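Given next are the chains, with one letter for each unit.
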Amino acid sequence: MTERPFVEVRDLRRVFDVSKPWLNRMLERQDKQFLKAVDGVSFDIRKGETFALVGESGSGKSTVARMVVGLLPPSGGAVSIDGISMTDRAVSQERQRLRRRIQMIFQDPYASLNPRWRVGRIIAEPIRAFDVIQGEQAITARVGELLTLVGLHPDDAKKFPHEFSGGQRQRIAIARALAADAEFIVCDEPTSALDVSVQAQILNLMRDLQERLGLTYLFISHNLAVVRHMATRIGVMYLGRLVEVSEGKRLFSDPRHPYTRMLLEAVPDLAMVGKPREGVKGEIPNPIDPPSGCTFHPRCPLVFDRCRVEAPAVIDGVACHAVNQGRAAA
Amino acid sequence: MTEPVISVRDLTVEFVTRRGTLRALDKVSFDVARGEVLGVVGESGAGKSVTGSAIIGLIDPPGRIAGGEIRLAGERIDNLPQERMRRIRGKRIGMIFQDPLTSLNPLYRVGEQLVETIRTHTDLDAAGARKRAIALLDEVGIPAPDRRIDGYPHEFSGGMRQRVVIALALCAEPDFIIADEPTTALDVSVQAQIIALIKRLCKERGTSVMLVTHDMGVIAETADRVAVMYAGRIAEIGPVRDVVKAPLHPYARGLMGAIPSIEGDAERLVQIPGAMPRLSNIPRGCAFNPRCGEVFERCRVERPELIDVEGRQVACHLYDREHQPARTGEIAA
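Chains as they are written, first to last, in our numbering: chain A, 1 to 330; chain B, 1001 to 1333.
Quick caveat, the hints were computed from the structure, so don't treat them as lab data. What you are looking at is a predicted structure, and each value in this text was computed from that prediction instead of being measured. None of the hints are false.
Some chain B residues close to chain A (C-beta under 8 Å, calculated; not the full set): (1) G1159; (2) G1254; (3) M1256; (4) I1259; (5) L1269; (6) I1272.
Glycine included, every Cβ here is placed at the ideal spot set by N, Cα and C.
Could you build all of it, start to finish, from the sequences and the hints given here?
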């Protein structure tokens, strides 16, 4: 690949101030507390692929997504999309034009659509905001087209969101994301609020649209099976750090980081009827006071002295001292 | 075979609303044997949770049991007066809910809640109850139970809270536990621990469990038998291995195909057209017929009963040999 990747994320960091109020701190003689939600995450997304981030709650995957689309300013690091920096103030003009090419789909289709607006107005909002098409008639026609594209009827534009089921609402959210001809869509748990049969419909729709329109997805999910179905490449996050990046299927056939292995071991799956499984040990530690060195070391079966002191860098797709030193038997 | 712990026959639950009577459960029948884990799956609105609430006698008005009967170890419990049912609830039937935070009172220490429950259902004195509470916390895998017993619920993580709720359900050594989405609010690595715990406890104590969840993966690993529900009816019920690996009912087949797996190589997920009908508008005949790919005339008119097919029960006319010999042959092939 000589081409520059479509999305470049470099050493992205985000710190949240979770201190108690000033007076409490003074009285209880406590220092300010900071939570490193995202701690030095770097990855690339190529045009037309689906890059997935998986991890358990609190691993920082949603924070990464929000920083990539610019909903949350990073504390450090850089994001650039199609060569234009999302973080550099100097290029704000260009970034404004870039904005319309990026859209987001949220987890809860009940919260992400304005209940007082008709569906037509919801979908037309980005068209009007970015001035993509002029003229009411043309906009109405475009909205009808978009509704058909996501498997609804043009007449549905006249209805209100409450008249639709969860799956249909998520289709409306997808139509809205596509309204301004977006190329890059960040999906934050797009199907976790849906029933399985509806989830299958939405996942199939997202793949069809990707094929037809050449979309690039950043796909956030905690569901490994869904991620395996959707992703070209997968990044596994643990406590704000990327521990492994791998080609989609390879992550499942050849997981390398001990955390990835544990996670795969833990997923209940249809294929596991009656098979015994290894127990999972421990829980995610408190992110305010993460373990030293590699944050996974208290739960890691391959832990050795170096892990407790030095945080491993991502080398060849894995951030693990044991793997890099060849101590992890495949 | 000894008597089943729970036996449900033709259970019908209705909700009377201004717009008419909604039937949330329609003639549901099943048994749960001693020490058995029965999984109940289905999508939202299929009637999974209502089944659990009906058994434990916690259906809120305007809902009511409109027909059928529920037996606990042979004794009928669906028509008991409130006061008698209250004594069965918790003592003989335990319950684990989805969200551990709402099942625990945030203002009381975990130990106080456990001791209160133990003393309500047994003759132990305060000291004895506390000792028993510590033993229970230890049994559900809470480290340093003698210290953690004096903690408040907010001091526990999600997984640990769910362990406390399980301990609470076990207080009175019930014969039967209803677990309604016990792992849905938890992360996968914690979920696996809770599943293993429920499984171990059933085995050790011979407790029967009805495990309600929408996650087929959880069912596949935990349950002995599984019931697939659709629009308030049981579509298929049988040993978990059979139903998951080779479902017979067209809805069950669609449901299993719709689930992405971490093994296997399906490029596209099976898509069931349409959505589950609203309770106010359940189609005539088989409730699944408008979405079914193999629908024929009889499905639109006559509701299929559960019939025995290959070691399980299926509610589908396709498998009724007497009336549709040609079609059954086709499916079996």
